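Asks: The primary structure of each chain is shown beneath.
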Amino acid sequence: MFATLSQRLQETMRRLRGRGKLTEADVAAAMREVRMALLEADVSLSVVKEFTSRVRERSVGIDVLQSLSPAQHVIKIVKEELTALLGTEVPRLQLAPAGPSVIMLVGLQGAGKTTVAGKLALHLKSQGRHPLLVAADTRRPAAIQQLQVLGERVGVPVFTQGDRVGAVPLARAALASARNEARDPVVLDTGGRLHVDDELMQELEEIKAATRPVEILLVADAMTGQEAVSVAAEFHRRLGITGVILTKLDSDTRGGAALSVRSATGAPVKFAGTGEKLDMFEVFHPDRLASRILGMGDMLTLIEKAEAAYDAEQARKLEQKLRKLDFTLEDFLDQMKQLKKMGPLDQLLDMIPGMERMRGKVDLGDSQRDLKRAEAIINSMTREERLNPHVIEGRRRRRIALGSGTRVQDVNRLLKQFDEAKKMLKHMAHLERDARRGGRLPRR
Amino acid sequence: MWELLRSGLAKTRQQLAAALQGVFGNRLYVDEAMFEELEEALIRADLGVGTAGSVVKAVKDRCAQDRIGDPALVLPVLQVELAARLTRAGGVLQLASRPAVLMIVGVNGSGKTTTVGKLAHRFRQEGRRVLLGATDTFRAAAIDQLEVWARRAGADLVKHAPGGDPAAVAFDAINAALARRVDVVILDTAGRMHTRSDLMQELSKVRRVVGKALPGAPHETLLVLDATTGQNALRQAEEFRAVTQLTGIALTKLDGTARGGVVVAIADQLGLPVKLVGVGERIDDLRDFDPEAFAAALFET
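As given, the protein sequences belong to chains A and B, one line each in that order.
The numbering used here applies: residue 68 is where the first sequence begins, and numbers increase by one.
The numbering used here applies: residue 10 is where the second sequence begins, and numbers increase by one.
Read the hints as simulated data drawn from the structure, not as lab findings.
Heads up, a few of these hints could be off.
[To be verified] Rough simulated footprint, nothing fancy, chain A against chain B, three-plus residues with beta-carbon under 8 Å:
| id | segment |
| --- | --- |
| 1 | 201-208 |
| 2 | 223-229 |
[Unchecked claim] A short, non-exhaustive set of chain A residues, derived as facing chain B with CB atoms under 10 Å:
| id | residue |
| --- | --- |
| 3 | Ala92 |
| 4 | Ala96 |
| 5 | Leu112 |
| 6 | Thr182 |
| 7 | Gly185 |
| 8 | Gly259 |
| 9 | Ala289 |
| 10 | Glu343 |
[Unchecked claim] BS3-like cross-link-like pairs, simulated, lysine-lysine; straight-line CA separation at most 25 Å:
| id | chain 1 | residue 1 | chain 2 | residue 2 |
| --- | --- | --- | --- | --- |
| 11 | A | Lys116 | B | Lys69 |
| 12 | A | Lys116 | B | Lys214 |
| 13 | B | Lys66 | A | Lys344 |
| 14 | A | Lys192 | A | Lys143 |
| 15 | A | Lys439 | B | Lys69 |
| 16 | A | Lys344 | A | Lys493 |
| 17 | A | Lys192 | A | Lys116 |
| 18 | A | Lys404 | A | Lys344 |
| 19 | A | Lys192 | A | Lys88 |
| 20 | A | Lys439 | A | Lys483 |
| 21 | A | Lys489 | A | Lys439 |
| 22 | A | Lys116 | A | Lys146 |
Everything numeric in this text was worked out from a predicted model, so none of it was measured.
Note that CB positions come from ideal geometry on N, CA and C, so glycine has one too.
My request is simple: use the sequences and hints to build the entire structure.
Replies: Here it is, written out as structure tokens:
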């Protein structure tokens, strides 16, 4: 849907090559593209204006002859400035040295506070802490039950006094209980509210005064539009935000709201929610979001996902097998399982620069189904068949097809693919051996 | 009746009015700079760069055609243009069938369950028998939340255990509605990101099952959209339309927020009408959408 900024800039600047220095007019043309890209990414207009004027200053006078491509040079400046604006520090949670640290979660309705509370509790727990969740949202129907369910799932106790106790006395009681039971930190899930709702903002101020939180984190929906600035500014004005948690980054939003929120509060984005599962919660990486806002993909996250899902030991074993050519259908199955661990294919595809425009053109559902089918087929084989595929004759093929809910043709296709993969490996192994022996070209 | 929408839109109105005051107020003649500022005001209202540009171009053409030189006369032209774009998509809730089946879909946190509760209340006030289907079996305590709303509104509820098959819940809800001679069935589906193809397939299955349980159903499939959402709303509408054949938008949280302009882009580019507007936290703060009133309320000073 959107052309990436780099493509656009390349287009605008193609004519410029070899014309001396970038003039104001050249840069103005480039800045129009930057402005467009940022606005399409939902960065607030006032932030965009400030930003483009800063980039403009740095860009005028770039020596076109010296820089290989003026477009690349401008992109570099844009990216540097974006990353600087998003914050270069590695964001950490500030926790008090003694006594329970209170972490207060605030934000609009539907931003994802309760889910974030559960995810944050899991994150803290995995760092060896003993958090307490506090259900201080007494207004939304079933908000308390929701937090209780989440608390149970992540194995963290939830403090509640039902929905008839006011949020302020409840927060006080929770703090006392945390002290008694030696729970630390205390995560307060407050009710969602509109930033223009004075009464409820006042309640938040009172909770703050009663519990003296070390962190007041604004939970913000990454898909928010131009409104992000006024929301963040108002919460900041009333409460003094210490950090931001950006949720729903698993959507295909460019996430320009992060920039707006950051510039309105000066507070760093500390975490990002990237999915429905409770462990889909990451420390925030400003440089990666900068790439994403510019539509330049997110290779680093992809690599990290691959590393997390990939078992190094298994990989080494596989490599040995490949060398010795005893790669079997069982190894094939392992490979597929590892790929699946990395997440849905379309999410992975989005992280590759330039690939987001492929969305909709390739049906990933199909590939995903193929993988699933292949897995079912291999699962329906006996161990002997997996190790020795050539024993699979007609009757076995029928049995396997029946067992996996596929057709004999599907089984045939898989076996053929596997056979071809093996042939290719054999060829590669020969190439490598020949190369080692003295760099001869392979015979044809 | 429009008082509530107006008060809900008060902030939008103030902000846009202030912005437009700046555009139109202190000018003596219509010029290029004025149209540029107008475009910016529309961008700030989340219309998006493309739609804001095309609206401004249309207004500009109209002004040139009618030789409008007085900035004060540009505002009505703008209002008419916006209302026309919103009206073109048109649309009222289709409730003629008995039972009429409404399927409520959307991304996480857009306000689906609350909208279902408000709708149930409204239909009950109109004297209809209402049955809610708890097809959100995924989110923690979603069923409890819907149960509270059903009690408040006085509606029947069909539910399964958490984690159950949403299509099965939908099927049971419709059969129960047929047996109990209910007028309106509202299905509250689980929130899902439009990028999750597996979950979108699940939704498409729920829709198919609904159509099998009652031919012609669902009669309305509404995308619930948070009014603070930016340009991503367009992607949401596209993706949900692809799997569920959306019939309209329910725009929520229009109270206190200054925006909601993305619905102009959605009506414009996808031809999807806004049918409902949520303007407050109270159970009766849900309104039919009226394009003219909406456009007028945007610019009322």
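Asks: Which numbered hints does this structure break?
Replies: Violated hints (numbers, rising): 2, 3, 4, 12, 13, 14, 15, 16, 17 and 19; every other hint is consistent with the structure.
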